[in-house]
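Protein chains: 2
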Amino acid sequence: MSAPTYEALKLPSFVETVLVTGAGGFVGQKLVLLLLKLYPNLRIIATDIIEPPNHGITDTKRLRNVKADLGKPDELKGVFDGEKVGGVFALHGIMSGGSEANFPLGYAVNVDSHRALLEATHKHAEANFPQGHPRPIYVFASSLAVYGAVTPQSVVDPKTKPVVPESSYGVQKHCIEMIVYDYGRKGYLDTRTVRLVTVTVRPGAPSSAASSYISGMIREPLQGQESLCPIADSMDDPALDYYLTWVGRTKTVIRNILWAAVVEEKQLKEVSQERIVNLPGIQITPRQIIETLIKYGGKDKLNLIKFKKDPAVIRICDTWAGAFDNSDALKLGFEVDDSKTGYEGAVQDFIEEELGGKVA
Amino acid sequence: MSAPTYEALKLPSFVETVLVTGAGGFVGQKLVLLLLKLYPNLRIIATDIIEPPNHGITDTKRLRNVKADLGKPDELKGVFDGEKVGGVFALHGIMSGGSEANFPLGYAVNVDSHRALLEATHKHAEANFPQGHPRPIYVFASSLAVYGAVTPQSVVDPKTKPVVPESSYGVQKHCIEMIVYDYGRKGYLDTRTVRLVTVTVRPGAPSSAASSYISGMIREPLQGQESLCPIADSMDDPALDYYLTWVGRTKTVIRNILWAAVVEEKQLKEVSQERIVNLPGIQITPRQIIETLIKYGGKDKLNLIKFKKDPAVIRICDTWAGAFDNSDALKLGFEVDDSKTGYEGAVQDFIEEELGGKVA
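Quick note, the sequences are listed as chains E and W, same order. So in the working numbering, spot 326 of the first sequence is number 326, and the numbers just go up one at a time. So in the working numbering, spot 338 of the second sequence is number 338, and the numbers just go up one at a time.
Looking at chain E on its own, in the form it has when it is part of the complex (with noise of 0.2 Å):
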């Protein structure tokens, strides 16, 4: 149950503001809890939709919380004006039911507004940093679910598997990874991309995501709440072995995303010449989820558990890879959860950070 490592994150010095999109977000606020922990004397501005919250962090030189629509340039602008931006971590987005549900909203959102943060960077470092100084540093959070022709049973090899989104959501992230990497081929940006994993344990309600019940089937029912597993009909049914999954403990995926943005652009270029590393993850199955809620919550949470097949969800499921070969990312730094142990970390995590060490 090894915790993720800090030491070796050190950003390189021309990087004293930093910019995180998608603040509000549950991603972009550990990110930014993160970079207030490690980096002291580092200016954060975190931007939402909506005012992101400010952590306790009263000093607006530490922090400067921006209300941002970046999908408006006047918006956009605002952000930067009287800036040094050296850093940048894109994690805003609209969430794959939301694109699959509300077309133009996804494109406005995961693609229009994302190279319009691009170019506005962009336009940034070349005001702001003299030629021949590093440009500033571009973190892109983009997601493994631009893989798809996939099952649960394959193991996917970034080498030889090409990208297939099967989602609205895919492509458009598909689509911003390319550009991301035009950006730092033509040397305008330090372009890095980091496919995320599917996090877990999330806090908050279910969201209309197909993933949503790999979280909640453990949040809720140690909260003492009912939760619905739509891919089985009971414990016998062998689809919660079927299902393989893969996952990664909230903070060692948030460590990988603040390493994107430290390891070496060289190092980076030779593993990956469109620099995007697909981040480590680890394989459960559904079963596991319900046996680690018996182990830290008790035989009686079993009984929240209401099966309930869901052909929608499981259409998507089927489309899912249960597993992605890490040895990329390991070789560039990223870390890993322990096979073994490190889904029990993750629900350790959720109930010592959300649930204040109470189960229900």
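Hints were generated in silico from the structure; no laboratory data involved. Please note that the accuracy of each hint is not assured.
As the list claims (entries may be wrong) - Quick list of in silico lysine-lysine cross-link-like pairs, DSS-like style, CA-CA up to 30 Å:
no.: 1; chain 1: W; residue 1: Lys266; chain 2: W; residue 2: Lys251
no.: 2; chain 1: E; residue 1: Lys251; chain 2: E; residue 2: Lys10
no.: 3; chain 1: W; residue 1: Lys309; chain 2: E; residue 2: Lys269
no.: 4; chain 1: W; residue 1: Lys123; chain 2: E; residue 2: Lys72
no.: 5; chain 1: E; residue 1: Lys331; chain 2: W; residue 2: Lys159
no.: 6; chain 1: E; residue 1: Lys309; chain 2: W; residue 2: Lys269
no.: 7; chain 1: E; residue 1: Lys269; chain 2: W; residue 2: Lys159
no.: 8; chain 1: W; residue 1: Lys309; chain 2: E; residue 2: Lys123
Stated by the list, open to error - Which bits of chain E does chain W cover? Going by a derived footprint, with three or more residues having C-beta under 8 Å, they are:
no.: 9; region: 153-164
no.: 10; region: 169-182
Here a beta-carbon is modelled for each residue, glycine too, at the ideal position from N, C-alpha and C.
Got chain E sorted already, so can you dock chain W onto it with the hints?
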């Protein structure tokens, strides 16, 4: 030297009007000519940034020529107003050299105007075809330039070769491939993408494309003009055999672009979930180009080839694959040139169609 066949090229009966963009370009002009020849009752809207040629057709019911900048909403709207478009051939674009030289222009044309065209076609379809009616057929011309991280000795199999473009052009084409696929996946349009092979012999002046010499070494000397061979020092240079080059005879490529509109959607999706086909090609060497020049133009034409290595061209040619797996395309009824005689056929076509049968 068998020519492509046209008997099977039946468009669905609801396709009474087709739109061809980039209709003033080489490929666009040839496609319009083929449409005029094969379909006497088809209405063709031909558009380009400059007014496309009318090919001697003065009946504007048969051929409507529109000068339009598809990046301008009102001009794009003007193309569709009052029409009932059942098929689109989206061929317009900034070529590879131009996209690399002018980053914003490449994105404006190769990405933004194509997205606008897709959405305009989608809206047009909703307004003009009732629910349940087959969707308009949308053929997007992409390019094998989306592939990078290969060498002239590579044989690319699309099933195991991820797309890693090495140019803004390749990035832009790949983004639109993905978005075109998304419109198909959502059922908005019946979309098909063909990745064009290098078309030979291209008429006209040498272009800024690195591939320009492939047509140039035949085209200029046959007209008594000098031409540069930028990848070799002399006829003894092994580079003339090393730079395996993947090409298609013009009329075969044009036939295949039209075939993309005819092939059954169901069959296409079975072969390629994302409805993308690498158009078939044949392999030639630079030496073979020169030998064919001598065969059709006489030994003295060799004096018109000026050998002068250009590191910039070589750097790009080093990233081109010398061959692609044709099998998916052939399974779907796309045609391929004869591997032995196809290139000579392309040269004969050029002499007959572009030089009026006369060699200098």
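Verification of the hints:
{"no.": "1", "hint": "Lys266(W) <-> Lys251(W)", "result": "holds (26 Å)"}
{"no.": "2", "hint": "Lys251(E) <-> Lys10(E)", "result": "holds (17 Å)"}
{"no.": "3", "hint": "Lys309(W) <-> Lys269(E)", "result": "holds (28 Å)"}
{"no.": "4", "hint": "Lys123(W) <-> Lys72(E)", "result": "holds (24 Å)"}
{"no.": "5", "hint": "Lys331(E) <-> Lys159(W)", "result": "holds (26 Å)"}
{"no.": "6", "hint": "Lys309(E) <-> Lys269(W)", "result": "holds (28 Å)"}
{"no.": "7", "hint": "Lys269(E) <-> Lys159(W)", "result": "holds (24 Å)"}
{"no.": "8", "hint": "Lys309(W) <-> Lys123(E)", "result": "violated (36 Å)"}
{"no.": "9", "hint": "153-164", "result": "holds (count 7)"}
{"no.": "10", "hint": "169-182", "result": "holds (count 7)"}
When the structure is compared with the earlier hints, a violation turns up for hint 8 alone.
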